[in-house]
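J.: Residues per chain are reported as follows:
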Amino acid sequence: ETGVTQSPTHLIKTRGQQVTLRCSSQSGHNTVSWYQQALGQGPQFIFQYYREEENGRGNFPPRFSGPQFPNYSSELNVNALELDDSALYLCASSLTSGDSYEQYFGPGTRLTVT
Amino acid sequence: ELKVEQNPLFLSMQEGKNYTIYCNYSTTSDRLYWYRQDPGKSLESLFVLLSNGAVKQEGRLMASLDTKARLSTLHITAAVHDLSATYFCAVDDTTSGTYKYIFGTGTRLKVLA
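Respectively, the protein sequence lines represent chains Z and S.
Just so you know, the numbering used here puts 51 at position 51 of the first sequence, and the rest follows in order with no gaps.
Just so you know, the numbering used here puts 1083 at position 83 of the second sequence, and the rest follows in order with no gaps.
It is worth saying that the hints were derived from the structure and are not from the lab.
Remember, predicted model here, so these are calculated numbers, not experimental data.
Glycine included, C-beta positions come from ideal geometry on N, C-alpha and C.
One should not assume that every hint holds.
Stated by the list, open to error - Here are some, though not all, of the chain S residues that point toward chain Z, as calculated from beta-carbon distances under 10 Å:
1. Lys-1041
2. Leu-1043
3. Ala-1078
4. Tyr-1101
5. Thr-1105
6. Lys-1110
When you get a sec, could you build the whole thing from the sequences and use the hints?
T.: Listed below in structure tokens is the structure:
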């Protein structure tokens, strides 16, 4: 069973640019969630996709967007990067079914905006 | 909005000592998770607590959940240096129909030799 993978590991971008982060869900999972973790803080929920549809969003502006693909992999696109977007971005996959809600986290992508 | 608070935020302890980290949350939830995070790394799952009164132990760590008090504890027994890390609790927030985690502020643990 393959776990959650993310790419790239590290990324450096300039303010105003756009970035795409990628996540491959664990086999059999139909839900993917993205979290932002700024330095010294706990992860903050960005949004969630369930079967390719957005299923909830945290307090993040529309310039943070998906999608989720038919194979349940996902991308996080961030437009018009700001310095405060520098953070560790974590992808988590889960199987939304009955009482099974546990999320499994990937290794993360460290984004630095200069 | 669901809030999750941990205390202490920072904990420096001697090897061999015992201590408890507390996680309080503000609304009803039956599921709570504990994670460990090493600097620059992702989250490592420690415990999944799925019901009131749940208690789980792994090595020198033991976690418990009291859903009526909205409180979970992570107890460290006879700490060793390898336990130095940041510990997060997270609560399932299903109130909006989205099964998202709300994380606590984290407890940065340093075990001194």
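J.: Each hint needs a verdict: does it hold in this structure or not?
T.: Tested hints:
Given the 10 Å rule on beta carbons, the hint for Lys-1041(S) holds: about 8 Å separates it from the nearest Cβ of chain Z. Taking 10 Å as the C-beta cut-off, the interface hint given for Leu-1043(S) holds, the closest approach to chain Z being about 5 Å. Nearest Cβ of chain Z to the Cβ of Ala-1078(S): about 27 Å, over the 10 Å cut. The hint is violated. For Tyr-1101(S), the interface hint holds, since its Cβ comes within 10 Å of a Cβ in chain Z; the closest pair sits about 6 Å apart.
Proximity of Thr-1105(S) to chain Z holds as hinted, the smallest CB-CB distance being about 6 Å (cut-off 10 Å). Of the supplied interface hints, the one on Lys-1110(S) is violated, with its beta-carbon coming no nearer than about 15 Å to a beta-carbon of chain Z, more than 10 Å.
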